[in-house]
Amino acid sequence: MSILVIAEHDNNQLKSATANTVAAAQKLSALMGSSVDLAVLGQDCQSVVTQASSVEGIDNVLVADSAAVAHQLPENLAPFLADLVQQKAITHVLFCSTAQGKNVAPRVAALLDVAQISEVTDIIDEATFIRPTYAGNALAKVKTSDPIKVLTIRSTAFDGVDMTSGAASVVALSDVKDQELSRFITESVVESDRPELTSARVVISGGRGMQNGENFSLLESVADKIGAAVGASRAAVDAGYVSNDMQVGQTGKIVAPDLYIAVGISGAIQHLAGMKESKVIVAINNDEEAPIFNVADLSLHADLFEALPELEKTL
Amino acid sequence: MKVLVAVKRVVDASVQVRVKADKTAVDLANVKMSMNPFCEIAVEEAIRLKESGIAEEVIVVSAGEDACQEQLRAGLALGADRAIHIQSDAELQPLAVAKLLHKVVDQENIGLVILGKQSIDGDNNQTGQMLAALAGMPQGTFASNVVIENGEAVVTREVDGGLQQIGLKLPAVVTTDLRLNEPRYASLPNIMKAKRKPVAQITAEELGVDVAPRLSTLEVNDPPARASGKRVGSVVELIDALKVEGVL
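So the sequences go chain by chain: E and P. Its first residue numbered 1, the first sequence is counted upward by one per residue in my numbering. Its first residue numbered 1, the second sequence is counted upward by one per residue in my numbering.
FYI, nobody ran anything at the bench for these hints, they're computed from the structure. Idealized CB from N, CA, C, for every residue including glycine. Heads up, some of the hints might be wrong.
Claimed, not checked - Taking lysine-lysine pairs in the DSSO-like style, the calculated list, with each CA pair at most 30 Å apart, reads:
hint, chain 1, residue 1, chain 2, residue 2
1, E, K143, P, K23
2, E, K177, P, K193
3, P, K243, P, K169
4, P, K103, P, K2
5, E, K143, E, K279
6, P, K169, E, K177
7, E, K279, P, K243
8, E, K279, P, K23
9, P, K20, E, K279
10, P, K243, E, K276
11, E, K313, E, K225
12, P, K193, E, K141
13, E, K15, E, K27
14, P, K2, P, K193
15, P, K23, E, K141
16, P, K50, P, K169
17, P, K32, E, K143
18, P, K230, E, K276
As the list claims (entries may be wrong) - Label pairs and their calculated CB-CB ranges:
hint, chain 1, residue 1, chain 2, residue 2, range
19, P, G136, E, S192, 35 to 41 Å
20, P, D66, E, A239, 34 to 40 Å
21, P, L218, E, M32, 16 to 22 Å
What the hints assert, rightly or not - Far from chain P, by Cβ distances over 12 Å, these chain E residues were calculated:
hint, residue
22, M1
23, A23
24, T50
25, L111
26, T128
27, N137
28, L173
29, N212
30, E214
Using the sequences and the hints, build the whole thing.
The structure is reproduced here in structure tokens:
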């Protein structure tokens, strides 16, 4: 029995979600008494390998440095990983529940003819896991009958391990073959000083109460003061105030920050599903009856056009 | 090119689901069912490909019990040409659905498969990727733009922190994200017309796929309830409370 974690990185920096996934692997390892290896697949990713070898509790860092995986194309990664899992008799493969992890994990699982278990939030035993369904409205305890377990780990559910105290050995793997099914064209990472919605420590979101897109600048000024990401409810997106990629909710982005500030958001089920795992929820709304007040830890019944400027000034 | 769109019957997004008292599942008795929102976007994208002359035929497919024909009719009303219902009363998990779809893809000689990135019930986000693996096709998941040109699907993907553009050899699998398009509503004449469009039925057994579930659900629980909140009277009071919580 052995555990393999797939590192999340951009060939330059090891992403912090990896530390959360390794924490989940440690929990499994304590139950099973098996080793934990960390795979770094990329191109010219030496700095990532160095960082990976310092992650706490890792036995070996397995490295494939190949042009075919420079951009994490799943068509090339999946067959390589499926072979690796079989060669090394790996029983558990753990990915981060990120766009990258979710893209590759099911492809690996299908090649191994096993189920994949998504967004794992807790580990009960080596085959039994907790995962949210219905956008977090129900937590399912599922047990797999497959010999190999392919999991994606929800990073907000596990506290990340230390990323500096480890001393793993580095093992080079063979070259990754280019399956010539797909090609990388370009990537545009949004240039913003604000953190990303799904990994931000603080999120401030606006709803229909914002009245128009220009008024979102009120949220942005508060956000910039406290290093928050800016989100929106589906109502605000549907009304055309802001673009769809800002939508927090069942059909948008699922967030679980330390602090979530909902401004002018009534609290439709759709929206609550996307943010109710947040640690502290603040609601600012002028409607005393708004359902958002039922889930908020701190409720401020006020006109947002007065409260937001005051908030910005006082912070 | 033939385009296949997989659609799923799910609990409507506006329904507040409840866990059954015996904790075996979510209570689905007498709740409104709809086409999964991401599948609606998939149907819309296929119809647009047909309208622009790229797709010759749009086929909608759904796997499950007879009731899912309702969602197939909805797809036909939106403009799909015909439908395939893969009949099965079993609990269909993503790997099984991917295997069933793989059979249809082979039989129908499909050039492009479009699926929702995930369903809002199981929240698995797996079927498209699994189908692509089984069919040996490239995949463009979480798509916000799709252009077919020179035998290639150029897909813009929503990745963490930005957008990625990739080129996929056809045939390929695409899964939809929210920004891909705004689905239309079916018009009454098209709803009437859809009643006469063909819906073929085939069983999972006839397709020769073992759909036995790999995962068993031992228990379903409500998420931990949130402690009741506190009212604050002013912005200053709010900031003080947040400092006490240690989140500011």
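To see whether the hints hold, each was checked on the structure:
no., hint, verdict
1, K143/E <-> K23/P, "15 Å, holds"
2, K177/E <-> K193/P, "49 Å, violated"
3, K243/P <-> K169/P, "54 Å, violated"
4, K103/P <-> K2/P, "15 Å, holds"
5, K143/E <-> K279/E, "28 Å, holds"
6, K169/P <-> K177/E, "17 Å, holds"
7, K279/E <-> K243/P, "14 Å, holds"
8, K279/E <-> K23/P, "26 Å, holds"
9, K20/P <-> K279/E, "26 Å, holds"
10, K243/P <-> K276/E, "20 Å, holds"
11, K313/E <-> K225/E, "9 Å, holds"
12, K193/P <-> K141/E, "44 Å, violated"
13, K15/E <-> K27/E, "20 Å, holds"
14, K2/P <-> K193/P, "21 Å, holds"
15, K23/P <-> K141/E, "10 Å, holds"
16, K50/P <-> K169/P, "19 Å, holds"
17, K32/P <-> K143/E, "29 Å, holds"
18, K230/P <-> K276/E, "16 Å, holds"
19, G136/P <-> S192/E: 35 to 41 Å, "38 Å, holds"
20, D66/P <-> A239/E: 34 to 40 Å, "38 Å, holds"
21, L218/P <-> M32/E: 16 to 22 Å, "19 Å, holds"
22, M1, "19 Å, holds"
23, A23, "19 Å, holds"
24, T50, "23 Å, holds"
25, L111, "5 Å, violated"
26, T128, "7 Å, violated"
27, N137, "5 Å, violated"
28, L173, "20 Å, holds"
29, N212, "20 Å, holds"
30, E214, "21 Å, holds"
The structure fails hints 2, 3, 12, 25, 26 and 27 (numbered hints given earlier, in ascending order).
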